Amino acid sequence: MKRVIRRSIPLLTIAVLILALFPTYPIAEEGGQESEAAAIDAYRSQFHYSPSENWMNDPNGLVYFDGEYHLFYQHNPTGNQWGPMYWGHAISKDLINWEELPIALYPDEKGFIWSGSVVVDEQNTAGFQEGEHAAMVAVFTHEKAGHQTQSLAYSNDKGRTWTKYEGNPVIEMPEGTDVFRDPKVFWHEGTEKWNMVVSAGQSIEFYQSDNLKDWEHTDTFERPPGASGVWECPDLVELSVEGDGSDKKWVLMMSVSEGSSAGGSGMEYVVGDYNGESFSTEMKPIPLDYGADMYAGVTWNNLPKEEERTIMIGWMNNWQYGQDIPTEGFRGAMSIPRELNLRTTEEGTYRLQQQPVSELEQLRGETLERKEEVVKEGTQKLGDSVNDLLEITASFDIKQSSADSFGFTLKNENDQSTTIVYHPKEEKIALDRTSSGEKDFSAGFAAVHEAPLEGKDGIVQLKILLDRSSVEVFGNEGTTVLTDQIFRDLSPSTLEIFSTGGEAYLRHLTVTDLSAADVAPVPTPVPEDVPNNLENGSFETGDLTGWTANGDAFSHGVSQKESYWDGKPFEQEGKYHLWGFSEDVNDSDFRTGTLQSDLFQLSGKGQIEFLIGGGQDKERLYVALVRASDGKELFKATGANDEKYRRVSWDASAYLGEKLYLKVVDYHTDGFGHINVDDFKVYAEGEPIRDDIENGDFETGDLTGWTVVEGDAFSPKDVTNDTDWGWGDRSIIRGTIICGALKMVETGRPASFVPLRLYYLGQGGSPI
382 MKRVIRRSIP
392 LLTIAVLILA
402 LFPTYPIAEE
412 GGQESEAAAI
422 DAYRSQFHYS
432 PSENWMNDPN
442 GLVYFDGEYH
452 LFYQHNPTGN
462 QWGPMYWGHA
472 ISKDLINWEE
482 LPIALYPDEK
492 GFIWSGSVVV
502 DEQNTAGFQE
512 GEHAAMVAVF
522 THEKAGHQTQ
532 SLAYSNDKGR
542 TWTKYEGNPV
552 IEMPEGTDVF
562 RDPKVFWHEG
572 TEKWNMVVSA
582 GQSIEFYQSD
592 NLKDWEHTDT
602 FERPPGASGV
612 WECPDLVELS
622 VEGDGSDKKW
632 VLMMSVSEGS
642 SAGGSGMEYV
652 VGDYNGESFS
662 TEMKPIPLDY
672 GADMYAGVTW
682 NNLPKEEERT
692 IMIGWMNNWQ
702 YGQDIPTEGF
712 RGAMSIPREL
722 NLRTTEEGTY
732 RLQQQPVSEL
742 EQLRGETLER
752 KEEVVKEGTQ
762 KLGDSVNDLL
772 EITASFDIKQ
782 SSADSFGFTL
792 KNENDQSTTI
802 VYHPKEEKIA
812 LDRTSSGEKD
822 FSAGFAAVHE
832 APLEGKDGIV
842 QLKILLDRSS
852 VEVFGNEGTT
862 VLTDQIFRDL
872 SPSTLEIFST
882 GGEAYLRHLT
892 VTDLSAADVA
902 PVPTPVPEDV
912 PNNLENGSFE
922 TGDLTGWTAN
932 GDAFSHGVSQ
942 KESYWDGKPF
952 EQEGKYHLWG
962 FSEDVNDSDF
972 RTGTLQSDLF
982 QLSGKGQIEF
992 LIGGGQDKER
1002 LYVALVRASD
1012 GKELFKATGA
1022 NDEKYRRVSW
1032 DASAYLGEKL
1042 YLKVVDYHTD
1052 GFGHINVDDF
1062 KVYAEGEPIR
1072 DDIENGDFET
1082 GDLTGWTVVE
1092 GDAFSPKDVT
1102 NDTDWGWGDR
1112 SIIRGTIICG
1122 ALKMVETGRP
1132 ASFVPLRLYY
1142 LGQGGSPI
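The sequence shown runs 382 to 1149 under our numbering.
Hints are not guaranteed to be accurate.
In the DSSO-like style, the derived pairs of lysine-lysine whose C-alpha atoms are separated by at most 27 Å in a straight line are [claimed, not checked]: (1) K780 with K844; (2) K1040 with K999; (3) K665 with K686; (4) K752 with K665; (5) K986 with K949; (6) K630 with K686; (7) K539 with K574; (8) K806 with K491; (9) K956 with K1017; (10) K809 with K844; (11) K844 with K956; (12) K757 with K686; (13) K665 with K809; (14) K1044 with K1017; (15) K539 with K474.
Bear in mind the hints are in silico, worked out from the structure with no lab data behind them. It should be emphasised that the depicted structure is a prediction, and the values quoted were computed from it without experimental measurement.
With the hints as constraints, model all of the structure from the sequences given.
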């Protein structure tokens, strides 16, 4: 019977000690087994765009070019909440089905990449065009420690890769302002100049330019006094009134950070006149959307002129609770793309109309239809059950109705319900999500949102789009819109039509099943034949031959330096190595990006090894082995907050014959926010591999060959020739007893791949 010494170190402590020392050796740090826990998120939108993972907010850079609608957006690739901002990127042929592309713009030494716009420079006014096709130019806000400036980047390959303009920023932050962001740029035909609207918090500032590089301030549009929050994400578009091309007005749209009609953030607009320099209006701002979840909406640039459409999309969320919504793996979805029009009211004022784009029709399936019916007081089910994705259209004759209210309720078997109700006497519509589903994540989420809605010729028309986690209501051809998120269980549901206080006359009703749109990352082409070795794994070409860099983290990285602070040696292999810090760049730790090797087919025994140094953050700063077919990260390793290199090895034999690549990731912008790598080796058949651990038995009498990763638990004085641990029991080494557990090399396998066994510190050190 094994006797356990009560004074022994806890097993958890032993495990921690193993993990602390283990990274200094050529063994797998993480990976080797694929997770089987790929759960489906019930709250993910099915026909609204959402990112495959992590955080998304404002849509940015909306532009149409060469048959593709581009949707850039504010994106945090490191987590599910707002944080360091990058530009995510997706493209579509039809505004409904989307392909997710790699990150477009990365933070650099000038700051994070906040909101902005993209134009197609057909006349090459900026001089960025390199081939026959026009360059795409991004105009965005650089933000760093509260300082906000406007900068440029350009692309000559349809937005797949981007180059920052060397002359950034092109507009400095005006003195005395604490907000200066979210530029929307467009070409103004009348003045033949580029025009910009940009938020200054309590005002919208206007600029113009001949070349996108040199800008002149032309006007300021002030926010009404006393309004709460700040203006953000402005847009200025010209629309025909009632479709009359000879009568046009300009619509200035702004997002409000707080104090919207539904609480929290929202959107508003005014209609007026614009001459290419200044904007004027007699209107006060009115809500663009009366629901709680429409923000930062902007329009696409460069749409085909023959279509004569203006299309907007917005972030379907609210800053009041947006970082807490109960989605898994991602946060944020976009509204349905909406076509904008302008109409006049009986009073002679203007109202914006928003309607879902016609491309949504491709998702339509079976339809239930009813015509010319009296809805008696009470509730009627529209069938036994309904799909979880629906398009509902209805028109009610108010003159022939006696009801106090009427509408629709979606219910599931868990007593969760969402109601859209119209009150004809008050001429208002309401969306009630107080019982829709999960709501405890925010005290203000469960609410009823109301909006004015007058009948038109005695008729009220409704179009309702229901996705898994959202409801969009368009009243009277979109003159009144409400957008709300809901987080309901996906249990069997029914749709009810109701009338209270009398009868309602239903002119026409359709309830149409919608199918899911296709939203997926763009597949990476995998060639049939790839080599089984890695080109330039040691960077001895002196450059990044054999590697592809995105962003700015590695653009200055290949270095010949042999030492860092105070002359300490890197201990790289050979002449060159990739030092992620690069002293010749100011604020080098702020730069971010990725570096990807060429593809290789794993052969031999599946051993891969390399040197790594720099910062320690396995989520934001790491080297990964990636499978080319699906982008799955199979192994990861990070630094140890030390510039000095240490060697890591992976036993990837489970992936022999597969096509893989190595990826170096730097999403870290704080101190030690860089990574160093060198001497990547992918061992093919017949190549020698390392088969020993330097000083694995500590017979040098010190920690030669070992690196103390962090803390004070291990130092050279802990290496000892004592034969007991102080309680009369024999041991191998006092204080570093774990090192004794690692002396299991009599297996015929390289010591770097010896399986670990955990030990109690008990009599005889028996294994568990």
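How the hints compare with the structure:
1. Annotation: proposed proximity of K780 to K844 holds, straight-line Cα distance about 20 Å (limit 27 Å).
2. With a C-alpha separation of about 24 Å, the suggested pairing of K1040 with K999 holds against the 27 Å cut-off.
3. With a CA separation close to 31 Å, the supplied pair K665 and K686 exceeds the 27 Å bound.
4. For the proposed pair K752 and K665, the alpha carbon gap of about 40 Å is over 27 Å, so the pair is violated.
5. Taken as a hint, the K986 and K949 pair is broken in the structure, with Cα atoms around 35 Å apart against an allowance of 27 Å.
6. Restraint check for K630 and K686: the C-alpha separation of about 18 Å stays at or below 27 Å, so the hint holds.
7. With a C-alpha separation of about 23 Å, the suggested pair K539 and K574 falls inside the 27 Å cut-off, and the hint holds.
8. Straight-line distance between C-alpha atoms of K806 and K491 comes to about 57 Å, which puts the hinted pair past the 27 Å bound.
9. Taking the CA atoms of K956 and K1017, the gap is near 26 Å; set against the 27 Å cutoff, the hint holds.
10. Restraint check: the Cα-Cα separation between K809 and K844 comes to about 15 Å, which is no more than 27 Å; the hinted pair holds.
11. Note on K844 and K956: the hinted pairing is violated, with a Cα-Cα distance of about 67 Å set against a maximum of 27 Å.
12. Of the pairs offered as hints, the one joining K757 and K686 is violated, with about 48 Å between alpha carbons and a cut-off of 27 Å exceeded.
13. Between K665 and K809 the CA atoms are separated by roughly 21 Å; this keeps the pair inside 27 Å, and the hint holds.
14. Taking the CA atoms of K1044 and K1017, the gap is near 9 Å; set against the 27 Å cutoff, the hint holds.
15. Between K539 and K474, the direct Cα distance comes to roughly 14 Å. Compliance with the 27 Å bound is thereby established for this hinted pair.
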